[in-house]
Amino acid sequence: MSGQRILALVTDAFGGYGGIAQYNRDLFTALSASAVVDDVVVLPRMAPEQPGTLPAKIRQAPAVAGRIAYSLAAVRHALSSRPTIVFCGHLFHIGLARLVARLTGAKLIVQLHGIDIWSDIAPPRRRALESADLILTVSRDTRSHVRAKTSIDPTKIVILNNTVSDDFRPGDRASARSHFGLGDELAILTVSRLDMSSGPKGHDRIIPLIAALRDAGVPVVYLVAGVGPYQKILEDIVCQHGVERNVRFLGYIQREAQPDLYRAADIFALPSTYEGFGIVFTEAMACGTPTIGLAVGGAPDALGDGELGMCVAPEAFADAFLEMASTPVGRDLSLADRVRARFGFPVFSSHVDTIIHTLAATATNSSKGSGG
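The numbering of the sequence shown is the working numbering, which starts it at 1276 and goes up by one.
Derived from the structure by calculation, the hints contain no laboratory data.
Mixed in with the good hints, there may be bad ones.
20 Å max Cα-Cα, derived DMTMM-like pairs, lysine to aspartate or glutamate [said to hold, decoys possible]:
hint, residue 1, residue 2
1, K1431, D1391
2, K1507, E1519
3, K1431, D1628
4, K1424, D1408
5, K1332, D1313
6, K1431, D1408
7, K1507, D1470
8, K1424, E1405
9, K1431, E1405
10, K1507, D1479
11, K1424, D1395
Cβ pair distances, simulated, as ranges [said to hold, decoys possible]:
hint, residue 1, residue 2, range
12, G1526, A1593, 24 to 32 Å
13, R1377, D1313, 18 to 26 Å
14, H1632, R1523, 45 to 53 Å
Only a predicted model underlies this, so the values are computations on that prediction, with no experimental measurement involved.
The C-beta atom is built at its ideal place from N, Cα and C for all residues, glycine as well.
Take the sequences, apply the hints, and build the full model.
Structure follows, in structure tokens:
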């Protein structure tokens, strides 16, 4: 079972930005700790920053942007490293990943995050997906989409929720609020890409409610963290509701400052209908910050079906949000502990180890069977 060599074809990983890149980093770090894994070669399409110090057993090749160049690089790495497992980090790569797996006789693992499986799948991609030995999904919702759109054996579909970094934990709230220039006002926070390509995140649901709170005499500020072209549309909505003094666009927040941003907020709100999972929910709650989202897509997994964060139907969001804002519950240290018990890295790593052991054992048994 030992000696597993993994070639990972991904959009981005170490040095990348966003939830998928973070998921890949967490997954590869967990794989590097498994006793049955000898080597993980990561081939990214993008790497906007230097990858920094990599965990043991992990090598990240330089990013290759062009489709043909990337395909040639993948084949070259496959032939030189002879992987026993090919990891496909995005449905975009499925055809190439299937080819590389067949060239090397490797097992094929496909990772699905939600948005990549929501739309109809072209028949060639569907057939390639159905050839996978294992499909990892970040939530029950993503798994249901896979089952509805493919004929793959359901036992080959495994849910592996995102994990939350140990950096996200309760801390000095007064210092955090001072750092972000907050006084005694009620601070509402949303963290997300401001990019419609990943679907609306629900800022437009919140801005009118900020106006309602202001009109009711509540000192309130809405902190919008993230970058992207959707900011201009949101700025227009802010002007329409006359809450320019109550909304602050923070831009991109460096990772080391993100825990303090969550600690500074009174409420984290993300009424998005396009979440494959929603790692920002777990990051906020791991810092002890009360959180609210919609009972749509993968968000219920991150919110613990309402046991960790408030999880409401879209039509109930406005009333639930205003009630939450009118009676803020403050820090909840037990919430942070409960989130870590469910989504902490040790739990995630243990799950990954079980998955890779099982796949490695299957490969060993298949090899013995074919040899007999």
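We went through each hint and held it up to the structure:
| no. | hint | in the structure |
| --- | --- | --- |
| 1 | K1431 with D1391 | holds, 18 Å |
| 2 | K1507 with E1519 | holds, 13 Å |
| 3 | K1431 with D1628 | holds, 16 Å |
| 4 | K1424 with D1408 | holds, 17 Å |
| 5 | K1332 with D1313 | holds, 6 Å |
| 6 | K1431 with D1408 | holds, 7 Å |
| 7 | K1507 with D1470 | holds, 11 Å |
| 8 | K1424 with E1405 | holds, 10 Å |
| 9 | K1431 with E1405 | holds, 10 Å |
| 10 | K1507 with D1479 | holds, 12 Å |
| 11 | K1424 with D1395 | holds, 8 Å |
| 12 | G1526 with A1593: 24 to 32 Å | holds, 27 Å |
| 13 | R1377 with D1313: 18 to 26 Å | holds, 22 Å |
| 14 | H1632 with R1523: 45 to 53 Å | holds, 48 Å |
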